[in-house]
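J.: Going line by line, the protein sequences match chains W and P.
Everything in the first sequence is counted per the numbering used here, starting at 5 for the first residue and increasing by one.
Everything in the second sequence is counted per the numbering used here, starting at 214 for the first residue and increasing by one.
Think of the hints as simulated: they come from the structure by calculation, not from any bench.
Please note that a few of the clues may not be correct.
[Unchecked claim] Not the full set, but computed from the structure, chain P residues with beta-carbon under 10 Å of chain W:
{"hint": "1", "residue": "A230"}
{"hint": "2", "residue": "Y231"}
{"hint": "3", "residue": "R261"}
{"hint": "4", "residue": "R428"}
{"hint": "5", "residue": "L431"}
{"hint": "6", "residue": "I453"}
[To be verified] Chain P residues, not near chain W, derived (Cβ > 10 Å throughout):
{"hint": "7", "residue": "F250"}
{"hint": "8", "residue": "F251"}
{"hint": "9", "residue": "S265"}
{"hint": "10", "residue": "F390"}
{"hint": "11", "residue": "T421"}
[Stated by the list, open to error] Straight line, CA to CA, 20 Å or less: simulated SDA-like cross-link-like pairs of lysine to any residue:
{"hint": "12", "chain 1": "W", "residue 1": "K212", "chain 2": "W", "residue 2": "N10"}
{"hint": "13", "chain 1": "P", "residue 1": "K225", "chain 2": "W", "residue 2": "A59"}
{"hint": "14", "chain 1": "W", "residue 1": "K172", "chain 2": "W", "residue 2": "L195"}
{"hint": "15", "chain 1": "W", "residue 1": "K114", "chain 2": "P", "residue 2": "H218"}
{"hint": "16", "chain 1": "W", "residue 1": "K263", "chain 2": "W", "residue 2": "A240"}
{"hint": "17", "chain 1": "P", "residue 1": "K225", "chain 2": "P", "residue 2": "D345"}
{"hint": "18", "chain 1": "W", "residue 1": "K18", "chain 2": "P", "residue 2": "P344"}
{"hint": "19", "chain 1": "P", "residue 1": "K225", "chain 2": "W", "residue 2": "S310"}
{"hint": "20", "chain 1": "W", "residue 1": "K139", "chain 2": "P", "residue 2": "R295"}
{"hint": "21", "chain 1": "W", "residue 1": "K247", "chain 2": "W", "residue 2": "K212"}
{"hint": "22", "chain 1": "W", "residue 1": "K114", "chain 2": "P", "residue 2": "R458"}
{"hint": "23", "chain 1": "P", "residue 1": "K225", "chain 2": "W", "residue 2": "P56"}
{"hint": "24", "chain 1": "W", "residue 1": "K255", "chain 2": "W", "residue 2": "A288"}
{"hint": "25", "chain 1": "W", "residue 1": "K18", "chain 2": "P", "residue 2": "H218"}
{"hint": "26", "chain 1": "P", "residue 1": "K225", "chain 2": "W", "residue 2": "R109"}
{"hint": "27", "chain 1": "W", "residue 1": "K139", "chain 2": "W", "residue 2": "T91"}
{"hint": "28", "chain 1": "P", "residue 1": "K225", "chain 2": "W", "residue 2": "G107"}
{"hint": "29", "chain 1": "W", "residue 1": "K7", "chain 2": "W", "residue 2": "P56"}
{"hint": "30", "chain 1": "W", "residue 1": "K18", "chain 2": "P", "residue 2": "L302"}
{"hint": "31", "chain 1": "P", "residue 1": "K225", "chain 2": "W", "residue 2": "R113"}
{"hint": "32", "chain 1": "W", "residue 1": "K18", "chain 2": "W", "residue 2": "Q75"}
{"hint": "33", "chain 1": "W", "residue 1": "K18", "chain 2": "P", "residue 2": "R458"}
{"hint": "34", "chain 1": "W", "residue 1": "K139", "chain 2": "P", "residue 2": "A459"}
{"hint": "35", "chain 1": "P", "residue 1": "K225", "chain 2": "W", "residue 2": "G97"}
{"hint": "36", "chain 1": "W", "residue 1": "K263", "chain 2": "W", "residue 2": "V239"}
{"hint": "37", "chain 1": "P", "residue 1": "K225", "chain 2": "W", "residue 2": "L108"}
{"hint": "38", "chain 1": "P", "residue 1": "K225", "chain 2": "W", "residue 2": "V236"}
{"hint": "39", "chain 1": "P", "residue 1": "K225", "chain 2": "W", "residue 2": "N100"}
{"hint": "40", "chain 1": "W", "residue 1": "K18", "chain 2": "P", "residue 2": "R295"}
Since the structure is predicted, the reported quantities are computational estimates derived from the model, not experimental observations.
We treat Cβ as the ideally placed atom computed from N, Cα and C, and that holds for glycine.
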Amino acid sequence: MIKVQNLAKMFGTKRAVDDVSFSVNRGEVLGFLGPNGAGKSTTMRVITGFLPPSAGTVTVGGFDIVEHAIQARRLIGYLPENAPAYTDMTVFGFLNFAAEIRGLRGDARKQAVNRAVEMCFLESVLHQSVETLSKGYRHRTCFAQSVIHDPDVLVLDEPTDGLDPNQKHEVRQLIRRMGEKKAIIFSTHILEEVDAACTRAIIIDRGKIVANGTPQELRQKSEWSGAVTLRVKNVAASTVSTKLYQVPLVKRVTVVDEKDGRVTVRAFPKSGANGALAAAIGEAAHDWQVEQLHTEEGRLDEVFRSITMPDTAKEAA
Amino acid sequence: MNAWHNVWTITKRELGAYFTSPIAYVFIVIFLLLCGFFTFFVGGFFERQEASLVRPFFDWHPWFYLFLVPAVGMRLWAEERRVGTIELLLTMPITAWQAIVGKFLASWLFLALALALTFPVVITVNYLGDPDNGVILTAYIGSWLMAGAYLAISCITSALTRSQVVSFIISLVVCLFLILAGFPPVINVLEQVAPRLVELVASFSVMTHFEGFQRGVLDVRDLLFFLSVIGFSLFTTSVILRTHRAG
């Protein structure tokens, strides 16, 4: 549904987005990750037709966003960053306006407004002015506006920003549910959201795509992926690490924690260990009191850091 | 057909925005008070002993509008940019032109309403004497067109900035120039300094073109002047909005 080809966007001489290409199909939820200022919002603004591209093309549902702007925009629902809404209107008035400008009339409009209100839990504030709403409600009002015409494509810029944990959960559920029938692209810098809602994720840094894959694939880029954490009781840390270094699959052992007679160590596998490390370590530790033994899946935040800030990530590890 | 529906949707929203905030009521009350005060006290409506609204009433309009119209127009785009709703508005399936015209039309209709509410003056003059109502009507039309020209200029300055105050001041200065270019004291000075330029400069003034309407003359050139100021200003607004986004 969304196809971005060699997209570039310049602001003066600054390249905010540099040669970005990707596509999102129906049934996909694409998470857009990146540090602040990486070009996430700019990319989304170009996709929705707010900013014209400096180079490259964007098509939505087959319509070029510049050449056939109106047709392309009809297919898109857009939640801009910070969820702006007309503060002088009531929630009801605002949603009616959004429906009307999307070309919905009469009963179709009533139904669309009702559906959006229900979906975003806005009944209780329906006749309140947007100005008086709390941030969470204001956010949901703008979100309701973006889905009012049941669009095929949803572009959501930080849809969970400023929401409390329960609301975040609701919005993620909503995105995942809608993602079954639509093409959704949403930006975030909360990495757990990628797992909670995305079928695929892109990491963008300084205007360029630096990683693109399913959350699982991204996680495997982590050096944590396949590492084994072991916690034992009443054994000295030096004894544990000496013993583990003798296990053939182990590349490196770090002591994570040592207190109250408990030692936690993490063993990183040599390449080609393929998950056999846990069994090997279990064997090596068989005469100790093992409290915990598990294989790490790899951590997105560590992948994110190592990709976007290669220097500092090493220090932290 | 569809295009006008889009324009009308925007216009309705904007008109609604005026009346849900105090702007509309404050504006109308101040405008009517000013009109009343200047017509009857400063303009010497009764002392003139003639059944005419031209001098005591319409003569003040260019000056009232100087302050009041930029106040109406200043929020049009500045507010959208400040709050960020411009990003919603311009990603809706409408053209930028439909949004620009819709917003302009809403403010212009609002000014028409304020102007229409001065009707007691017309009733008064008709009650007291026997004025030429045709002249009054053309003067009203001219006044509304002049307000439209000011308003379109305010659209430009509003699109230029996020700050309503900056927008207000700049459009006030531009409108002041449009008045002064035809203001008799300025013309007199200009006649001594650069007599050849007098006509050129004066032709840019709203005063010169409003004069015809006040005399009851519907001159195509005056009509064209106001309409072309409006058209040119709205076009400039669209260019400014586009360059903002082009980066």
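J.: Does each hint fit the structure? Answer for all of them.
T.: We went through each hint and held it up to the structure:
no. : hint              : result
1   : A230              : 5 Å, holds
2   : Y231              : 9 Å, holds
3   : R261              : 43 Å, violated
4   : R428              : 41 Å, violated
5   : L431              : 37 Å, violated
6   : I453              : 15 Å, violated
7   : F250              : 30 Å, holds
8   : F251              : 31 Å, holds
9   : S265              : 41 Å, holds
10  : F390              : 32 Å, holds
11  : T421              : 38 Å, holds
12  : W:K212 <-> W:N10  : 10 Å, holds
13  : P:K225 <-> W:A59  : 37 Å, violated
14  : W:K172 <-> W:L195 : 13 Å, holds
15  : W:K114 <-> P:H218 : 18 Å, holds
16  : W:K263 <-> W:A240 : 10 Å, holds
17  : P:K225 <-> P:D345 : 35 Å, violated
18  : W:K18 <-> P:P344  : 66 Å, violated
19  : P:K225 <-> W:S310 : 52 Å, violated
20  : W:K139 <-> P:R295 : 17 Å, holds
21  : W:K247 <-> W:K212 : 44 Å, violated
22  : W:K114 <-> P:R458 : 34 Å, violated
23  : P:K225 <-> W:P56  : 28 Å, violated
24  : W:K255 <-> W:A288 : 15 Å, holds
25  : W:K18 <-> P:H218  : 40 Å, violated
26  : P:K225 <-> W:R109 : 15 Å, holds
27  : W:K139 <-> W:T91  : 12 Å, holds
28  : P:K225 <-> W:G107 : 15 Å, holds
29  : W:K7 <-> W:P56    : 15 Å, holds
30  : W:K18 <-> P:L302  : 26 Å, violated
31  : P:K225 <-> W:R113 : 16 Å, holds
32  : W:K18 <-> W:Q75   : 30 Å, violated
33  : W:K18 <-> P:R458  : 15 Å, holds
34  : W:K139 <-> P:A459 : 30 Å, violated
35  : P:K225 <-> W:G97  : 11 Å, holds
36  : W:K263 <-> W:V239 : 11 Å, holds
37  : P:K225 <-> W:L108 : 16 Å, holds
38  : P:K225 <-> W:V236 : 71 Å, violated
39  : P:K225 <-> W:N100 : 12 Å, holds
40  : W:K18 <-> P:R295  : 23 Å, violated
Of the numbered hints listed earlier, those contradicted by the structure are 3, 4, 5, 6, 13, 17, 18, 19, 21, 22, 23, 25, 30, 32, 34, 38 and 40.
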